[in-house]
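S.K.: From first to last, the protein sequence lines stand for chains U and X. The first sequence begins at 1 in the numbering used here and counts up by one. The second sequence begins at 1 in the numbering used here and counts up by one.
Where hints are given, some of them may not hold.
As the list claims (entries may be wrong) - Here are the simulated PhoX-like pairs of lysine-lysine, each with C-alpha atoms no more than 25 Å apart in a straight line:
| # | chain 1 | residue 1 | chain 2 | residue 2 |
| --- | --- | --- | --- | --- |
| 1 | U | Lys229 | X | Lys152 |
| 2 | X | Lys22 | X | Lys67 |
| 3 | U | Lys53 | U | Lys257 |
| 4 | U | Lys12 | X | Lys207 |
| 5 | U | Lys12 | X | Lys198 |
| 6 | X | Lys22 | X | Lys68 |
| 7 | X | Lys207 | X | Lys181 |
| 8 | X | Lys67 | X | Lys85 |
| 9 | X | Lys152 | X | Lys137 |
Because the hints were derived from the structure by calculation, they are not lab data.
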Amino acid sequence: MITIGMDLGTQKVKAVALKDGAVVGRGQSFAGFDPAQAAEHAVNDALNVAGLKLSDINHFTATGSAMDLAPHTNSTVSMMGADAKAGVFLIPQARTIIDVGAEEARAVKCDERGLMMEFVVNERCAAGAGAFIEAMARALEVNLEDMGPLSLQAERASPINASCVIFGESDVVSLIHRQESKPEIARAVFDAMADRVTSMVHRLGITPEVVLIGGVAKDPGFVASLNRKLGLMVQIPVYPDYVGALGAALTAAARAKGAFK
Amino acid sequence: MSATKEEFWRWHEYRRTMPNIKPAGKDLITAGVDVGSVGSKAAVMVNGHAYSWGIIRTGSNSPESAKKALDFALKDTGLALGDLKYIVGTGYGRVNVPMANKAITEIACHAKGANYIWGSSVRTVLDVGGQDIKAIKIDETGRVVSFLMNDKCAAGTGRGMEVFADLLQIPVEEIGAMSLKVESEPEPVSCTCVAFAKTEAIGLLRKGWSKEKVLAAYTRAMAVRMANLINRVGLEPALVVTGGQSKNVGIVSRIETILGVKCLPAPNWREGGLDPMVAGAFGAALLAKALYEKAQPVR
Numbered sequence: 001m002i003t004i005g006m007d008l009g010t011q012k013v014k015a016v017a018l019k020d021g022a023v024v025g026r027g028q029s030f031a032g033f034d035p036a037q038a039a040e041h042a043v044n045d046a047l048n049v050a051g052l053k054l055s056d057i058n059h060f061t062a063t064g065s066a067m068d069l070a071p072h073t074n075s076t077v078s079m080m081g082a083d084a085k086a087g088v089f090l091i092p093q094a095r096t097i098i099d100v101g102a103e104e105a106r107a108v109k110c111d112e113r114g115l116m117m118e119f120v121v122n123e124r125c126a127a128g129a130g131a132f133i134e135a136m137a138r139a140l141e142v143n144l145e146d147m148g149p150l151s152l153q154a155e156r157a158s159p160i161n162a163s164c165v166i167f168g169e170s171d172v173v174s175l176i177h178r179q180e181s182k183p184e185i186a187r188a189v190f191d192a193m194a195d196r197v198t199s200m201v202h203r204l205g206i207t208p209e210v211v212l213i214g215g216v217a218k219d220p221g222f223v224a225s226l227n228r229k230l231g232l233m234v235q236i237p238v239y240p241d242y243v244g245a246l247g248a249a250l251t252a253a254a255r256a257k258g259a260f261k
Numbered sequence: 001m002s003a004t005k006e007e008f009w010r011w012h013e014y015r016r017t018m019p020n021i022k023p024a025g026k027d028l029i030t031a032g033v034d035v036g037s038v039g040s041k042a043a044v045m046v047n048g049h050a051y052s053w054g055i056i057r058t059g060s061n062s063p064e065s066a067k068k069a070l071d072f073a074l075k076d077t078g079l080a081l082g083d084l085k086y087i088v089g090t091g092y093g094r095v096n097v098p099m100a101n102k103a104i105t106e107i108a109c110h111a112k113g114a115n116y117i118w119g120s121s122v123r124t125v126l127d128v129g130g131q132d133i134k135a136i137k138i139d140e141t142g143r144v145v146s147f148l149m150n151d152k153c154a155a156g157t158g159r160g161m162e163v164f165a166d167l168l169q170i171p172v173e174e175i176g177a178m179s180l181k182v183e184s185e186p187e188p189v190s191c192t193c194v195a196f197a198k199t200e201a202i203g204l205l206r207k208g209w210s211k212e213k214v215l216a217a218y219t220r221a222m223a224v225r226m227a228n229l230i231n232r233v234g235l236e237p238a239l240v241v242t243g244g245q246s247k248n249v250g251i252v253s254r255i256e257t258i259l260g261v262k263c264l265p266a267p268n269w270r271e272g273g274l275d276p277m278v279a280g281a282f283g284a285a286l287l288a289k290a291l292y293e294k295a296q297p298v299r
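In isolation and in its complexed conformation, chain U is listed as follows (with noise of 0.2 Å):
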């Protein structure tokens, strides 16, 4: 039993290969304005790493905002119904699932199948999503990768209270004006952030294990600010990125066997 998952965001398209249960291989492509020719780039990468042919899938499911447009697709998932079933796959204790993207928040609750119970989303608001992190690395001038170890040698958190991208790129402007070091601000600019997507799960109620997925879990700027304002340590797929493509790629599985219709 072979089936590729895609997930189709808003910035990268990822997509898993899945044999018998285990990912055989991975691919990604920047979405760009064309998310569909971006899906065939991440379907052929993650084919050349497994060794597999378009042929030889025996199920595609696509996932993500732009799941609509996604090429060979037999079925869709929800973004939150991927997340359930990949987070408690790869962590069967995973209760409550933060999913933190380029453009796009959310949090799920799922039980013990990795069946989703109930979510929030932070729709379309850059505040509490990766392009908050991208636009204040630029104000700056710093690269987005460098922003994460650059906050963790801040030695205190200096006060930003910005909720929305275009007041932050101001506020920070400002911290530079008052010769506030570069760590203090990137680590200001990640309390903010995880201010937001706290206040966010915090509607849902959290459930342990909490596990953090989504590009952003990449981060580890992010990964400090976050634990230390929910007061927990949160749990990291070694993949946070492919998690939404590894659970289409497993609803794929279930459905190709039929356990779904």
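With chain U's structure known, arrange chain X on it following the hints.
M.R.: Same frame as chain U, now just chain X:
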């Protein structure tokens, strides 16, 4: 100061002196200084009547912007700082108005200022400033009864409009009129986030939408948010709009359509009318007068 090619966000900085008032020695002269996130406004009043005002862009230094705005309002009037009996600071930067005798919230000042500009019939004030949107219920004397404000979000605020102006390369003061040049009103966009507009508006333009249609869809969505805020605080006529966005006809006319009521028309600032963008400073100058009188020994 007209918009240059590179600075679509730029709006009019100007000052005005009322020609019919001649301050004399016995007059009570007060001032209000409203340091907003985008604009700094100062108003000088003589016995509670608007005498002069000035509007400038707020710089990175609030105390300096406060001083510049007040100097601008006093310019060529023959008055000096020492002639001002009492000064009230207000706005986002109100604690940074060094010459102020007292700081008062912009909510109280806009309430008082709206009552001054339009009279005692005003009951609901929508203040759309540089970084936030407030719906304020007031009584016939201009006192605040209740208010609501949005979460810090740039959509629909003056700052958000400036970003839009740069994005679509349209002078910010023309956005409102341009957004009305559509044959039929498009559906409002589902996402108003200004940060994402950078990619989404470009996507819409690529789909063949005109700039006017893109502006209409965004302006509509922002007007919906403002109308919701007004409904939540409880709409009671007469309704007025203050703050910089009171000059955006695209916003104001859509709010009227959505709510099904007409706003009291804003005086034309280009022809010397009391500028609703200065409402907070007018209110502050009036409250300054009241505070000064209260502090005098009873005769």
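S.K.: What hints, given by number in increasing order, does this structure fail?
M.R.: Every hint satisfied by this model.
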